[in-house]
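> The residues making up each chain are set out below.
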Amino acid sequence: MKRSLRPLAATAIIFIIAYAASVVQFPGLLSTRVLGNFLTDNAFLGIAAVGMTFVIISGGIDLSVGAVIGFTGVLVAVLISWLGIHPLLAFVIALGVAALFGAAMGLTIHYLQVPSFIVTLAGMFLARGGASVITQDSVPINHEFYSTLTGLIIRLPGGGRLSFIGLLMVAVFLAGALLAHRTRFGSYVYALGGNAVSASLMGVPVARTTVQIYMLSSVLAALAGIVFSLYTSAGYPLAAVGVELDAISAVVIGGTLLTGGYGFVLGTFVGVMLLGLVQTYIIFDGTLSSWWTKIVIGVLLFLFIVLQRIIFAASAPGEKSPEKV
Amino acid sequence: MQDSDYVLEARGVTKIFGNHTALDAIDFGLRPGEVHALLGENGAGKSTLIKVLTGAYQPDAGGVFVDGALVTLDNPLHAQTHGIGTVYQEVNLLPNRSVAENLYLGHQPTRFGLVDHRKMEKAAKTLLERYGLAIDPSSDLGSHSVAVQQIVAIARAVELSGKVLILDEPTASLDRNEVERLFEVIADLKKSGLAIIFITHFLDQVFAISDRVTVLRNGRLVDTRQLDSVSRTDVVRLMLGKDIAFSGATDLEPERPTTDVLLDFKSYGRKRSVHPFDLTIHKGEVIGVAGLLGSGRTEMARLMFGADPADQGTITVAGKPTAIRNTTDAISRGFGFCPEDRKAEGIFGDLSVRENIIIALQGKLGWFRALNRDEQLEIAGKFGEAMDIRAASLDMPVKLLSGGNQQKVILSRWLATDPAFLILDEPTRGIDVGAHAEIVRTINRLRDDGMAMVVISSELDEVVAYSSRIVVMRDREMVAELRGKNINPGVIVQAIANSADEAQP
Amino acid sequence: MKRLHLERLANPQLLALAGVLLINWLLFPNFFRITWQDGRLFGSLIDVLNRGAPVAILAIGMTGVIATKGVDLSVGAIMAVCGAVAATMVVAGYPTPVAVIAALAVGIACGLWNGFLVAILDIQPIVATLVLMVAGRGIAQLITEGSIVTFNDPALIFIGTGSFLGFPMAAVIALALLILVTLLVRKTAIGLFIQAIGVNRAAASLAGIRSRMLLVLVYALSGFCAAIAGIVVAADIRGADANNSGLWLELDAILAVVIGGTSLLGGRFSVPMAVVGAIIIQAMNTGILMSGFPPEFNLIVKAGMIILILLIQSPFATRLFVRQRLVPAKAGPK
Numbered sequence: 001m002k003r004s005l006r007p008l009a010a011t012a013i014i015f016i017i018a019y020a021a022s023v024v025q026f027p028g029l030l031s032t033r034v035l036g037n038f039l040t041d042n043a044f045l046g047i048a049a050v051g052m053t054f055v056i057i058s059g060g061i062d063l064s065v066g067a068v069i070g071f072t073g074v075l076v077a078v079l080i081s082w083l084g085i086h087p088l089l090a091f092v093i094a095l096g097v098a099a100l101f102g103a104a105m106g107l108t109i110h111y112l113q114v115p116s117f118i119v120t121l122a123g124m125f126l127a128r129g130g131a132s133v134i135t136q137d138s139v140p141i142n143h144e145f146y147s148t149l150t151g152l153i154i155r156l157p158g159g160g161r162l163s164f165i166g167l168l169m170v171a172v173f174l175a176g177a178l179l180a181h182r183t184r185f186g187s188y189v190y191a192l193g194g195n196a197v198s199a200s201l202m203g204v205p206v207a208r209t210t211v212q213i214y215m216l217s218s219v220l221a222a223l224a225g226i227v228f229s230l231y232t233s234a235g236y237p238l239a240a241v242g243v244e245l246d247a248i249s250a251v252v253i254g255g256t257l258l259t260g261g262y263g264f265v266l267g268t269f270v271g272v273m274l275l276g277l278v279q280t281y282i283i284f285d286g287t288l289s290s291w292w293t294k295i296v297i298g299v300l301l302f303l304f305i306v307l308q309r310i311i312f313a314a315s316a317p318g319e320k321s322p323e324k325v
Numbered sequence: 001m002q003d004s005d006y007v008l009e010a011r012g013v014t015k016i017f018g019n020h021t022a023l024d025a026i027d028f029g030l031r032p033g034e035v036h037a038l039l040g041e042n043g044a045g046k047s048t049l050i051k052v053l054t055g056a057y058q059p060d061a062g063g064v065f066v067d068g069a070l071v072t073l074d075n076p077l078h079a080q081t082h083g084i085g086t087v088y089q090e091v092n093l094l095p096n097r098s099v100a101e102n103l104y105l106g107h108q109p110t111r112f113g114l115v116d117h118r119k120m121e122k123a124a125k126t127l128l129e130r131y132g133l134a135i136d137p138s139s140d141l142g143s144h145s146v147a148v149q150q151i152v153a154i155a156r157a158v159e160l161s162g163k164v165l166i167l168d169e170p171t172a173s174l175d176r177n178e179v180e181r182l183f184e185v186i187a188d189l190k191k192s193g194l195a196i197i198f199i200t201h202f203l204d205q206v207f208a209i210s211d212r213v214t215v216l217r218n219g220r221l222v223d224t225r226q227l228d229s230v231s232r233t234d235v236v237r238l239m240l241g242k243d244i245a246f247s248g249a250t251d252l253e254p255e256r257p258t259t260d261v262l263l264d265f266k267s268y269g270r271k272r273s274v275h276p277f278d279l280t281i282h283k284g285e286v287i288g289v290a291g292l293l294g295s296g297r298t299e300m301a302r303l304m305f306g307a308d309p310a311d312q313g314t315i316t317v318a319g320k321p322t323a324i325r326n327t328t329d330a331i332s333r334g335f336g337f338c339p340e341d342r343k344a345e346g347i348f349g350d351l352s353v354r355e356n357i358i359i360a361l362q363g364k365l366g367w368f369r370a371l372n373r374d375e376q377l378e379i380a381g382k383f384g385e386a387m388d389i390r391a392a393s394l395d396m397p398v399k400l401l402s403g404g405n406q407q408k409v410i411l412s413r414w415l416a417t418d419p420a421f422l423i424l425d426e427p428t429r430g431i432d433v434g435a436h437a438e439i440v441r442t443i444n445r446l447r448d449d450g451m452a453m454v455v456i457s458s459e460l461d462e463v464v465a466y467s468s469r470i471v472v473m474r475d476r477e478m479v480a481e482l483r484g485k486n487i488n489p490g491v492i493v494q495a496i497a498n499s500a501d502e503a504q505p
Numbered sequence: 001m002k003r004l005h006l007e008r009l010a011n012p013q014l015l016a017l018a019g020v021l022l023i024n025w026l027l028f029p030n031f032f033r034i035t036w037q038d039g040r041l042f043g044s045l046i047d048v049l050n051r052g053a054p055v056a057i058l059a060i061g062m063t064g065v066i067a068t069k070g071v072d073l074s075v076g077a078i079m080a081v082c083g084a085v086a087a088t089m090v091v092a093g094y095p096t097p098v099a100v101i102a103a104l105a106v107g108i109a110c111g112l113w114n115g116f117l118v119a120i121l122d123i124q125p126i127v128a129t130l131v132l133m134v135a136g137r138g139i140a141q142l143i144t145e146g147s148i149v150t151f152n153d154p155a156l157i158f159i160g161t162g163s164f165l166g167f168p169m170a171a172v173i174a175l176a177l178l179i180l181v182t183l184l185v186r187k188t189a190i191g192l193f194i195q196a197i198g199v200n201r202a203a204a205s206l207a208g209i210r211s212r213m214l215l216v217l218v219y220a221l222s223g224f225c226a227a228i229a230g231i232v233v234a235a236d237i238r239g240a241d242a243n244n245s246g247l248w249l250e251l252d253a254i255l256a257v258v259i260g261g262t263s264l265l266g267g268r269f270s271v272p273m274a275v276v277g278a279i280i281i282q283a284m285n286t287g288i289l290m291s292g293f294p295p296e297f298n299l300i301v302k303a304g305m306i307i308l309i310l311l312i313q314s315p316f317a318t319r320l321f322v323r324q325r326l327v328p329a330k331a332g333p334k
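Chains as they are written, first to last, in our numbering: chain A, 1 to 325; chain B, 1 to 505; chain C, 1 to 334.
Hints are computed from structural coordinates only; laboratory data are not their basis. Think of the CB as a built atom: it goes at the ideal place given N, C-alpha and C, for glycine as much as any other residue. Keep in mind that a hint or two might mislead.
[Unchecked claim] Pulled a few chain C residues facing chain B out of the computed Cβ check, cut under 10 Å:
1. G93
2. I148
3. V199
4. S263
5. L264
6. G267
7. P295
8. F297
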């Protein structure tokens, strides 16, 4: 098996075993209702995680996604509820703003040659601050278009419901997988994460690709923000605080190397589902408290980082100076 | 030779960095269907010339001609469109991607805007079969040996350029079988009319596949020769600038009467790095190390210093058997080491001259017995003066100093630790004449004060002048130990070239 | 000699601090007014010191980490863990010193864990410390069992709200820690070695510096500082809030260090300047709060500061700067 597939296989196996074990304990978990809710409840996280996957494969990180989700929610809510703009137009505006925002971060990262971490940190402050300047409060959205969208449901046998946003997430994952694995842009993203110097010598347009990657991440975060506003029917400036950490965790647990170069968009899907399973299990159990979610995610994160370290030991970037203490 | 015969030509190419002339009016011509070896020690200007020929650097004077027409090459990608492809020593491909993608990245066949993997892999398979590679094009490049990666890199370069192939030390990390395989590929490409520049420091490889050789030294063109008319010894002499007839006795440093033995290495070696060697070093003795680049001379130095610890053999320091597992062990036993790559392994660019000088001594003293500022200034001042370090202030960042002064700083760093044994790897490379003389003077002075030293240098005149013995390295093995009358450039050149001459009659 | 001292005072950080304070003073003429009441000082300026203390304490530990080319994302989470440890232990009836020492030990243990991942397993610092950043708050909630553990232990509360010579305790602790750590890095060789590792780890190894041990130490120190900050914050609100204690403070601490002139690429560092950076952040924060802007407006200002610093440190600006500096440096006196 390919080296890069091993962490993904590990995630898939862990997911199957964990799910099977949970089902044995709580047979109720094996229902279309639970599965449908899996998709709906994690839709915004999943969409944001797709963008994060591209960023991490390229060797970067995007700390701004949670803030962009919050900002977009507020922007959309204000455009619809205060200014009376049709939701579709509001969506287009929000996605456009996010695209410019991501492009600005990408340009800064490439031309000032600074770590993506610090640039996207500034982006996070800017987006979160911007949202709070627009409004401090939660802005409800009551628009029939929203009702229509949330009403779009495919009923499954067994009482399950596939919601619009759940299906949208699945669509984003499929499109993301296509983009990553079947387009030149996708191959450039992997090339940057593998070795930026080689990539540029091989003719990869480094500047353009970098800008596109962060644009993609911000646009998907904005889409996640729209989904979140559909999910909650409101826009709140402090919504989705810390979602970037969940997204990063899902990406890493899904088998993407945090140092870049290797990874799968569909692996991230498994990662998101695994996080969802942990949460659902804890809700089902009833006696366990929600803080266990974070601990379990942390432990999984650690296991996968060490696993990757072992699998990729030979090719991991970093200081290779022969050093002995 | 008519100009029109050359597919790629450099005429009077000069490249100047600051006040250092890296290339001095170089003329270089490449014919189609030939393998042209480019030889020279580090700093001779090989890589600068290659960078000019591939557009990474722009020449300050002279020009590059492709098929007789003057061209301006903006960058390596632009050079590619002129038919010039390059494969570097460290394969500049993507180990994390498939073989097929590495061949076609940026030019992947698409269908409805999507990459057509099947078509790409089919094309890759056909292409690689021409190079005798029957590997799965969808496998990760990183899962293959360096040799295979090297051939994939060549296939990509030839596919995208097609006129000239520049191979920059492609064999440095290959074993014998892999080298042969690579040579078969090169021979095939040559037959198809490709012009190939081959850079290496292995002489037998030069003789095995090249038609002509150009030798550079200190940024100057030494000569271009037809290879069937020269011997290996001739080539070594061209590279090192030594006239083999020169063997008259100079005021040679007499071998010291065997006083106190300081160090005794017995079957000391490290797998895949240096073959086990025996070496005894006395106090007040300079052991010169001669050998071409890649002969294992630097590896030997790192081994002695514990930077790459030995995995076989024993070492005795001043009569006591000991173990050197790391650099800290070595330093505590009075060793010091000036590495060849000053910038990457020697200086702390952002730190001050003062800190750069005292850091090894401070390392020896440990975390808590800190030298205060006055002590630091005193030590740095003392050595700065003794070594004639030209710095506006001892508190200026060392990166602002010239190469020669940086080298003096590193030497001072070790002298401050009061070492018994110093290892100097190419201490005089790439520095100005004044600093050069100062460092040679220092080596002589230290030897007379009773310090033991191992000095690696390609400057044979210099090694001959201060060494009491000379060991010769070849193929990661110590092949000769020269004493007395044998310490002269002629014999050294002979020893370096020797086995190669025997190997191929 | 005197000129030299003046030049040292005129560094960008202190100028920026003076600028921020000046703006605050122009907006609020009472800004510099300090009153003495009930044996302690009151006033906006004192408030800045008091509220800026936690980030300042974190920045003291973070400086060493960043100087080695690393970063510690877990300090906010470690704060929550250590605050939880101290609070639950005093509630469980342990004497205050025991609770405090236990919390500090937990902080050091967290730091050692980070150091182990970075120095021994050679995992990228940003990745290695992410583990505790994610899991830490969960662990803290495990300790507090999900609730906010409040306490009435006067000795512990004193650490957060008491005063010493009229100054708020938090600021006094930050100052003491600053002096201690500054002495530790300046009076021993540790500071020099940290810089050496940050500038060139290969050369440091060849010069005989034990870089792994030092890296572990640096992360342990960062964990220790986070523990102190966690105790101070918990003591201030008389309770351990696992969700919110130290939330996003790691980012403020990193920002403070960067404002303090330490490059994210490692090398030269200054602990006192990082503390000045923390005070600048807090002074802006206070100014914005007093102006009646929403506190989140501060985020935009912080973003602006990061962009400004990135521009100043960018290769283009550096080239301009170096060119201007080189000329006088050559001509300058020895």
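> All hints are to be evaluated individually against the structure, with a verdict given for each.
Structure-based check of all given hints:
Of the supplied interface hints, the one on G93 (chain C) is violated, with its beta-carbon coming no nearer than about 39 Å to a beta-carbon of chain B, more than 10 Å. Given the 10 Å rule on beta carbons, the hint for I148 (chain C) is violated: about 41 Å separates it from the nearest Cβ of chain B. Among the interface hints, the one on V199 (chain C) holds; its C-beta lies about 4 Å from the nearest C-beta in chain B, closer than the 10 Å criterion. Hint status for S263 (chain C): holds, given a least beta-carbon distance of 9 Å to chain B, under 10 Å.
At about 14 Å, the closest approach between the beta carbon of L264 (chain C) and any beta carbon in chain B exceeds 10 Å, and the interface hint on this residue is violated. Taking 10 Å as the C-beta contact cut-off toward chain B, the hint placing G267 (chain C) at the interface holds, the least distance being around 5 Å. The restraint placing P295 (chain C) at the interface with chain B is violated, with a minimum CB-CB distance near 38 Å, outside the 10 Å limit. The interface hint given for F297 (chain C) is broken, as the beta carbon of that residue sits about 37 Å from the closest beta carbon of chain B, more than 10 Å.
Comparing the model with each numbered hint stated earlier shows that hints 1, 2, 5, 7, 8 do not hold.
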